[in-house]
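Participant: Sequence:
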Amino acid sequence: MPLLKERIAIMRQVGTILCDNFGGSYAGFLSNFQRSRRGLGTALELVQTVVDTFPCFRDERSLGGHRVCFWKRAQILVAETWAAFFPVDPSAPHPLFPSRLGPCISELTMFADYRVPQILHHLGILVYPPLLQEKLRDGENVPPGSDEEISLRAASIIGVEHLRDEIGRLRGDDGRRECQEINSVLIDFYLWDLAKEIESGNDRVEGIECVEILPAHRTRSIWY
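For the sequence shown, counting from 1, position 133 maps to 133 in the working numbering; every step adds exactly one.
Please keep in mind that the hints were generated in silico from the structure rather than gathered at the bench.
Take the hints with a grain of salt, since some may be wrong.
30 Å max Cα-Cα, derived DSSO-like pairs, lysine-lysine [claimed, not checked]:
1) K72 / K196
2) K135 / K196
3) K135 / K72
Please read all numbers here as calculations on a predicted model, not as lab measurements.
Taking the hints into account, I'd like the entire structure generated from these sequences.
Facilitator: Structure (structure tokens):
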């Protein structure tokens with residue numbers, strides 16, 4: 001298994017922090033989070049708390065002198081928790097985010113990894129330079145923390161944000177809360193599955209001109 005030592009270290013770190021501070025469970029961590037915010041905590045605030053509490057979730061890089069925070073695993077942890085406990089009645093309060101504002105899930109971005117940039121390029125939303133295309137076809141590794149890797153992940157976030165805004169524009173959304181059901185989390189869920197289906201030959205996109213589906217970039221990393 002790749003990065004086995006790093007994976008074990010992560011599990012030990014998370015387990016130690018949970019046992020020392022939250023009764024040994026993620027449920028205890030969630031309860032403490034909402035108590036500390038008097039039941040008003042949002043999804044983004046929970047992501048921030050995860051990053052502040054568990055160093056192994058601090059998925060951050062530096063590019064051009066700027067700090068770049070991806071927080072992929074922290075965001076997907078919160079998003080999957082939100083989705084798992086989503087109430088059957090959408091008008092009912094979310095059990096983990098019970099305040100009037102709710103989870104504010106639209107404040108999260110997509111989860112920057114390797115699969116979504118692959119499908120965004122296929123759809124023509126991202127454009128890859130020829131050298132990068134050649135690397136992907138040849139199966140070359142894209143080093144973690146390299147300009148190419150950071151740019152791929154950052155461009156994916158920006159691309160999905162623009163995609164979300166365009167969907168909202170086409171739907172005639174006007175910023176009201178009831179129009180915010182289209183968010184970057186759900187778009188990520190959809191695009192990730194679509195990329196797998198297209199790559200395996202089980203699906204294809206019709207109605208628009210697409211480019212060749214290239215292999216996803218290969219980066220060995222603990223962050224995704």
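Participant: Next step is simple, just say for each hint if it's right about the structure.
Facilitator: Outcome of the hint check:
1. Our distance criterion of 30 Å between C-alpha atoms is met by K72 and K196, whose separation comes to about 19 Å.
2. Between K135 and K196 the alpha-carbon distance is near 20 Å, which keeps this suggested pair within the 30 Å criterion.
3. At roughly 24 Å between alpha-carbon atoms, K135 and K72 fall within 30 Å of each other, so this suggested pair holds.
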